[in-house]
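4 protein chains.
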Amino acid sequence: MFKIGIIGATGYTGQELVEVLCEHPVVKMAYLSAKVEKEQNISKIFPSLVGKIDLPCGDLKINEAIKATDIVFLAVPHTVSMEIAPKFLKAGKKVIDLSADFRLKNAKIYQKWYGVKHKTPQLLPQAVYGLPELYREKIKKAQLVANPGCYPTAVILGLAPLSEGGYINCDNIIIDAKTGMTGAGRKPLLPLIFSEVNENIKAYKINEHQHMCEIEQELTRLVKKKVSIIFVPHVVPLNRGIMVTMYVKFRKQITPSKLIDFYKTFYRNEPFIRILDYGITPQTKDVDKTNYCSIGMKIDEKAKAAVIVSVIDNLGKGAARQAVQNMNIMCGFIETLGLK
Amino acid sequence: MFKIGIIGATGYTGQELVEVLCEHPVVKMAYLSAKVEKEQNISKIFPSLVGKIDLPCGDLKINEAIKATDIVFLAVPHTVSMEIAPKFLKAGKKVIDLSADFRLKNAKIYQKWYGVKHKTPQLLPQAVYGLPELYREKIKKAQLVANPGCYPTAVILGLAPLSEGGYINCDNIIIDAKTGMTGAGRKPLLPLIFSEVNENIKAYKINEHQHMCEIEQELTRLVKKKVSIIFVPHVVPLNRGIMVTMYVKFRKQITPSKLIDFYKTFYRNEPFIRILDYGITPQTKDVDKTNYCSIGMKIDEKAKAAVIVSVIDNLGKGAARQAVQNMNIMCGFIETLGLK
Amino acid sequence: MFKIGIIGATGYTGQELVEVLCEHPVVKMAYLSAKVEKEQNISKIFPSLVGKIDLPCGDLKINEAIKATDIVFLAVPHTVSMEIAPKFLKAGKKVIDLSADFRLKNAKIYQKWYGVKHKTPQLLPQAVYGLPELYREKIKKAQLVANPGCYPTAVILGLAPLSEGGYINCDNIIIDAKTGMTGAGRKPLLPLIFSEVNENIKAYKINEHQHMCEIEQELTRLVKKKVSIIFVPHVVPLNRGIMVTMYVKFRKQITPSKLIDFYKTFYRNEPFIRILDYGITPQTKDVDKTNYCSIGMKIDEKAKAAVIVSVIDNLGKGAARQAVQNMNIMCGFIETLGLK
Amino acid sequence: MFKIGIIGATGYTGQELVEVLCEHPVVKMAYLSAKVEKEQNISKIFPSLVGKIDLPCGDLKINEAIKATDIVFLAVPHTVSMEIAPKFLKAGKKVIDLSADFRLKNAKIYQKWYGVKHKTPQLLPQAVYGLPELYREKIKKAQLVANPGCYPTAVILGLAPLSEGGYINCDNIIIDAKTGMTGAGRKPLLPLIFSEVNENIKAYKINEHQHMCEIEQELTRLVKKKVSIIFVPHVVPLNRGIMVTMYVKFRKQITPSKLIDFYKTFYRNEPFIRILDYGITPQTKDVDKTNYCSIGMKIDEKAKAAVIVSVIDNLGKGAARQAVQNMNIMCGFIETLGLK
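Chains as they are written, first to last, in the numbering used here: chain C, 1 to 340; chain A, 1 to 340; chain Y, 1 to 340; chain W, 1 to 340.
Calculated from the structure, these hints are not laboratory results.
Owing to the predicted nature of the structure, the values given are computational and were not obtained by experimental measurement.
Watch out, some of these pointers could steer you wrong.
What the hints assert, rightly or not - Under the rule of at most 20 Å between Cα atoms (straight-line distance), these lysine-lysine pairs were calculated in the PhoX-like manner: (1) W/Lys35 - W/Lys187; (2) C/Lys289 - Y/Lys289; (3) A/Lys205 - C/Lys302; (4) Y/Lys44 - A/Lys205.
Isolated chain C (complex conformation) (with noise of 0.2 Å):
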């Protein structure tokens, strides 16, 4: 059995991580640690783990941890995983990073959207980015993956098909997302209160977005040309789920059934992206508590214009589920175990 070592694992993220590799067939949870003010085992932290796992939860020692695991799941905000994911590739571990620090190939795009120096930035060439759909083969031989952002997820999967033929303009893709509260993560934080969030729409970050460099730096780079956004995330009242609006214009004619040709074909091998019959849109229930990426998408023609709708759970293929997909293709072993 490979022993799983998470670091953060009293985040949303982290929890969903323990959730869902408590069910893994052949991983066994060996260490866990979280910024917590004082150890304690996680079923008396999420007494909705009791009988399903039973391991201490404290601050993390780098040493134990290294000792204790064959790979770990970095639940940590930024700047934080660069502190310590040297570590554990330098001791032989396999590394999925679910912050934002090994996701950019660029140290100074990193620099400029995150406000601060990266302080290993020799370790960006090596990281792969993790979206299977994309990059499988890289993530086959690597030992350091970055696990891509909630919102690029979505965004990306619901685009990429769109990058073959030339039909797409790059300029100016507008993408309105949506998103539940999870994804603003578990910290105590006035605007996150119950009575600020409930009855209420909030539009945040006009184009200013962290998740936006990500999502230019992979359209970017599936396009083969300079690919700008328009991002407006908005947060409404649920505490799971990202519904991407995406508006796209076309530099030529298409049709119905060629888009979605692109999609189907695109997507053709792919366990977990759902493309759905022309006209209807996806839900974000439809994917939740899943690594699921539900497609859907309608023409205007007289606008040469196409509204793609791509949902996912942030929490699942948006997190900690695609970072188990990841792991299942790090490891050898069959990429939908534990996931389906």
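On the provided structure of chain C, position chains A, Y and W as indicated by the hints.
Below, chains A, Y and W alone, put in the same frame as chain C:
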């Protein structure tokens, strides 16, 4: 005291009308009707009204309604209004219709979008579109006011200032709308029940929503050339509030201060419009249970584009309170009476 | 593989049965039916099932259902079960009925509380009340199991350990229950629509809820003398979860450790019951999407009373998952199969 | 015009006070303070107030506050009020304290339940408990009013009429309370964040909530003998509203009409109490954003018991609006001014 009738008093809009008009200083609730199982006092149906109003509410008896009232609000489904409005008009009553029946100037477009032939097209020319910020002078003299739809109110108020100066690109303005559930009406339909809606985000009627023709009609009148939109409405789990996030392209470069200036100038005397400082985005709760529309904006200079965010309470400025504003104007009252 | 039929597959309970049984390792979904407008694949009705199950769902054709299955779950309204259960039984099939039709031992009490005459009272003696913690041995041999109601499951499991030792005062045990909205069923009724339920707390059927007779029947069997309860259910705005807060008087002084000991002893071998440490209270999310019942308690010494708090997922231990637990027992599978 | 000060204007109660007092016809908002990062206009902090009020809000400067105001509302945490109230009182100002500091008559009981020694016990005798339905005459003459807690308001109003005639059994009255989340305050605490609260029901502080002593003090004064209660509060996922479900035993048989009569007689002149017809239960939304308390009841004859259900808006009658009612009484205004 003006005597008020509300036809359709038990829907969400009707209920809001009753609540607002109960507290209005110069009118008197005189007649209520609704499709109900049996006639009973409105405060039996809505216990929150106990002590505020004491009137029976049963099936519409039109002669009684005519006798009892000076002005009537029709808070009924479309197709019903065009049956009953003519009778009130003929009797010399003022009519504020909250259905879609008299909003469109062209009976053929009505038929195309609402799927039924208009029965009283001869009334369309005299009906005034009840958006006071655009048509105040006409509303003053109107006998029949067509109260705007909820989405169109938020959208048109959000875009109207851009109609001047030739800046706006009128092709394919993108409108991504999010609404609370009272917008769907008080009807026993499966997709509306709590556990279907809660913890879910849903897009619907992509580029097919019946409010599109109303938006296009009014924007075209404003800009004086054909305006086309791409419109995607979404339902999110809250009771009240609409946010529309609009993506506008410009023909020429525009600065933030110029943009804000357009809005502040256009609405300089408007009591119910709030233009936020540049870069600040409104939230739906800023306008909860009010007649305000609050508008924020942000430019993407490299794209010659802007994001405009407009919020209203769908039952407030989006329906009942705007109807009361129209009543105030039609009857020569101070326009803000009962609304601040 | 055992072949499974679900009659009533599109209600919330039916849907949960489908989801749980899809992942069950030793059974095979073989037949689905429901009252639907037209027959279609279940994964068309519930897109979350795409890739998990591929079966049509249309009106019940009982002969086909009999032919296709070894065991059937009846997730239908009361009165429907007593029509169709006999046919499955006669054909030698095992039946797990999730309606109220076979829970009560006395047909007159059924008639009093449900307002209809029982049509197959002769089956009542053979029906086993499907609460494994109390009737495991009988369930093993049963052909017809009456799956308990959601409130009764939470209440009976919360009080059963007090049946021993003569401590409990059986008069007027007070039960204050709070439920999520899936408990009300997937039906297009006005009081169930989102904006009626959201932002509201409602008590209903005070001392008149039909689950009272089921609770009293079972508590009386346990204590072996007449038990009477005061029962007030409330609906609160969430999808899933029941909390019952029970106020129990004692005939003699009892200590915290004695009280906890009753519970730990009574449930010492139960895989789905969690007894919390003294003074800790469970939350509904501790048991979300599980078959667990979690119980906390606290004594008021001066009052010779205790507060017992019991939580379940109304669709889990309160309906579908408990039904699967019953299936496992009836079929000789490991009891926790597909449930942990 | 009376000049009003609000100390603690940015909590939920403070915010509600601002909103209600803005619309009050005979007072003028003159001074606001709160613990904020920097002083700014209150309408910057709460955009919903734009156009309604134009006042800065920064740290409390007590001399300025004294100079600017005739009457102050203290919407601050307990222990803060007892520091600052004396200064306002000494300067001859009227004080309405919304904290717990002056509600209890006995400083030792305060210390026991709130865990701190009272600093100004000499003020307790002059403080009037601000429940107008019980203490109107004293409030008229008071300089210092202790505005009741939210739970106590709902409970005491729900039980007060039973204090007469010797019917009620005063031992162990059972009170099961459910509250919306604004009752927990506007504080950045982990258990208050949206995803912790949403989709969950939680009981807390069973028989240990600090409002218990306030309830027992007032019920004991009313009944004129020792009253004891069992009190279990619960949080449910909504913003506003408290429902208390109370289980009362009687010493002698009582009829429905007698019971209702007690309530209607006791509250016959009260403008903010609604007694519902026998068997009808109130919902929290009946009193949303109002100063009403609505009470329903049902007898269990065989148990000589009744269920009393009392609802208030925790920020309305449970805090800010009741404080305004107290102000009206203290200042000789019409009692309902600004509240209907």
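Against the structure, the hints:
1. W/Lys35 - W/Lys187: holds (12 Å)
2. C/Lys289 - Y/Lys289: Given that 20 Å is the threshold and the Cα spacing comes to 11 Å, the pair holds.
3. A/Lys205 - C/Lys302: holds (17 Å)
4. Y/Lys44 - A/Lys205: Given that 20 Å is the threshold and the Cα spacing comes to 18 Å, the pair holds.
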